[in-house]
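Based on the sequences and whatever the hints tell you, model everything.
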Amino acid sequence: MWVQLKSIQYLEVQGKLVTYHPGDWINVGKQMAQLWLSRGEAIIPQREEYKQLGISPGSGIVLITEEEPGKAHEAAKKMLLPYSGIQVFVSIVPLLAYDRTVIIKSGVKFRVDMIPVGLSLLDKWELAIPILDYDNIASKVGSQAERDKTRELLHDDRVPLYDTRLMFAKRCKNTTTLFERWQEEMTGGAEEHHAFLRSLYRTPMLVLALPVTWTNQNVR
Amino acid sequence: MCAERGVCYVAYGEAACREARLSIQSLRLFNDLPVTVIGEPVTGAEHIEFKQVDPGGRWAKLNVNLLTPYKLTAYIDADAWPMADISAGFEIVADGWDMAMTASTNQGRDLFWHIEEKERAITLAELSYDVLGLQAGVIFIGKSQNTARLFAAWRCEWLRWKDQDQAALMRALATVPARVWMLGKSWNGGSVISHRWGALRKHESPSGL
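As given, the protein sequences belong to chains A and B, one line each in that order. Just so we're aligned, residue 0 is where the first sequence starts under numbering that gives the first Met the number 0, counting upward by one. Just so we're aligned, residue 0 is where the second sequence starts under numbering that gives the first Met the number 0, counting upward by one.
Hint data in this document are derived by calculation from the structure and do not stem from the laboratory. Just so you know, not all the hints are guaranteed correct.
[As the list claims (entries may be wrong)] Calculated from the model, a selection of chain B residues having no Cβ within reach of chain A, i.e. all distances over 10 angstroms:
id	residue
1	R4
2	G12
3	E13
4	R20
5	F29
6	P33
7	T42
8	E45
9	H46
10	D53
11	W58
12	H113
13	K142
14	A147
15	A151
16	K161
[Said to hold, decoys possible] Some chain A residues judged to face chain B by a derived CB distance under 7 angstroms, without partners named:
id	residue
17	V116
18	K123
19	I136
20	V158
21	P159
22	A208
Beta carbons: idealized from backbone N, C-alpha and C, even for Gly.
Here it is in C-alpha cells:
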C-alpha cells in the first residue's frame, strides 16, 4: 500500500536500515500503513481536499433553463447548498456573466463538489468542458448537412463532441469570441453540439477536455 | 531549409526499426510526406542520430519538438500504422492549435493502467480531479511557445520516474496548458492510424487495445 510520510521512519530494506523523510512515498504492508495513518504519521493519496476549496472571487453560475427565474433560483439554491455564497444567474442562453463562469444546463447530472475544482482549473485554462461521449462522435451525430459543414471546417469529423450542459469558462477574449460565434450559429438554427464544436475550432484556445465522468456518465 | 510538414518516428533496436519501416511503408501508400526517424537509421527515411537513454526511447520522443526538422510534425509511434490520408491533422495545427491528439481508450478505473503503481498513485493524487487521459502515440505538433513549454515540462515530469510517458504528460499539462485539439479514436487505434499496441509493449491493456 502506497503512503506518503508525514514523519521520519526507519525501515529495513534488504538488510540495511534506510531513513525515509516526510514527503517520501513508500510501499508498505497494509498493517504498517494503517498504523501510520492512525497515528497521523502518513497519508494516502486522496481526492478529498478539493471538497474544502472555497469558490474563487468573481465566480458565478449561469443556470440555463426555460423555467420561471424565481423557481429556477430556488432549485439552484437547493442544489448549491454547500456553496451558498455563490452568485447564480438564470438565463435561457449560455453567457459569460462572471469572470469565472460555470455554465450548468438544467437537468444535467454532476457532482456539486466539482464546482470549485472546475473553477480552480481556470487558473491555467480558459475553458474546461467534458467530452460528450467517447464513441458517439461528430460524424455520427446530427443531420448530414451539419456533419458536412463540420467536416469541411475541421477537415475531419471523426472527433469527439463536447458536453455543453456543463462547462467552466474564464471571461477572456477567446471565450467571449467562442460564445459569440456559438450563439451566432445557434441563432442560425444549427445543432447545438456541432455549432459548439465548429465555434471552438475557429477559436483556438486553452481548452481542457474533461472525461465523461464529470457529467456522471459511465466510463465506457 | 525546414520542410513545412513531415512525420517523425523514434526507433531503437531491431524490433522498433522493423515496426517503423512497416509503418513508413503504410504511410506512403496514402501520403506524400517526408519522414525522419530519430534514433537508428531506417530504410526509406531521413535519420537523426540521438543517443538512447532509456529502453523505450521515450527521452527521444519527448525531445521530438526540438529534433524535428519540420515546422508541423506528426509524431507517430513505430507500432502505429497510417492507413489513410493524415493531412487533416496537419491542417488542424496550421489553423492555430498547438497540438492534436486523441483521448486514451483506457479511462476511469483503467486510466494509467500501464503506469507503475507508485507513479500512478502519485499522479492521481497530484492531479486531484477526474482527468481525461490522452494517448501520446500519435501527436500532431506545431511550433509554438506553448508546445515548447509543454514539451519542456513533459521532459521534467518524465525524469521523475523515467518510465512511461502518459502520466508525465498529464502532470505537465496540469501546469503548462496548451491549445490541444481532440481527435477521435480513428486517429490512434482506428481507421486513420491503426496501432499495434503490444507489438513493442510488455503488458496487455484492460481494454485489449
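We went through each hint and held it up to the structure:
Non-interface call for B:R4 relative to chain A: holds, since the shortest CB-CB distance, roughly 13 angstroms, exceeds 10 angstroms. With a least CB separation of 31 angstroms from chain A, B:G12 remains clear of the 10 angstroms interface cut-off, as annotated. With a minimum CB-CB distance of about 34 angstroms to chain A, B:E13 clears the 10 angstroms threshold, and the non-interface call stands. No beta-carbon of chain A comes within 10 angstroms of the beta-carbon of B:R20; the shortest separation is about 27 angstroms.
The beta carbon of B:F29 sits about 14 angstroms from the closest Cβ of chain A, which is more than 10 angstroms, so the claim that it is off the interface holds. At the 10 angstroms boundary, the C-beta of B:P33 stays outside the reach of chain A, the nearest C-beta of that chain being 20 angstroms off. With a cut of 10 angstroms on Cβ distances, B:T42 stays outside the contact zone with chain A, its closest approach being about 30 angstroms. Here B:E45 stays apart from chain A, with its beta-carbon at least about 26 angstroms from theirs, past the 10 angstroms limit.
For B:H46, the requirement that its beta carbon stay farther than 10 angstroms from each beta carbon of chain A is met, with the minimum near 30 angstroms. Distance to chain A confirms B:D53 as a non-interface residue, since its nearest Cβ pair spans about 21 angstroms, more than 10 angstroms. The claim that B:W58 is not at the interface with chain A holds, since no C-beta of that chain comes within 10 angstroms of its own (minimum 23 angstroms). Non-interface status of B:H113 relative to chain A is upheld: no Cβ of that chain comes within 10 angstroms, the nearest being about 17 angstroms off.
Its beta-carbon lying about 14 angstroms from the closest one in chain A, B:K142 satisfies the requirement of being farther than 10 angstroms from that chain. Listed as outside the interface, B:A147 is consistent with that label: its C-beta sits roughly 15 angstroms from the nearest C-beta of chain A, beyond the 10 angstroms cut-off. Non-interface call for B:A151 relative to chain A: holds, since the shortest CB-CB distance, roughly 16 angstroms, exceeds 10 angstroms. The claim that B:K161 is not at the interface with chain A holds, since no C-beta of that chain comes within 10 angstroms of its own (minimum 16 angstroms).
Evaluation of the A:V116 hint against chain B yields a held restraint, the C-beta minimum of about 5 angstroms falling below 7 angstroms. About 5 angstroms separates the beta-carbon of A:K123 from the nearest beta-carbon of chain B, less than 7 angstroms, and the hint is met. Hint status for A:I136: holds, given a least beta-carbon distance of 5 angstroms to chain B, under 7 angstroms. Checking A:V158 against chain B by beta carbon gives a least distance of about 5 angstroms; that is within 7 angstroms, so the hint holds.
Satisfaction of the interface hint for A:P159 is found here, the shortest Cβ-Cβ separation to chain B being roughly 5 angstroms, below the 7 angstroms cut-off. This hint holds: A:A208 has a C-beta 5 angstroms from the nearest C-beta of chain B, less than the 7 angstroms allowed.
No hint from the list above goes unmet by this structure.
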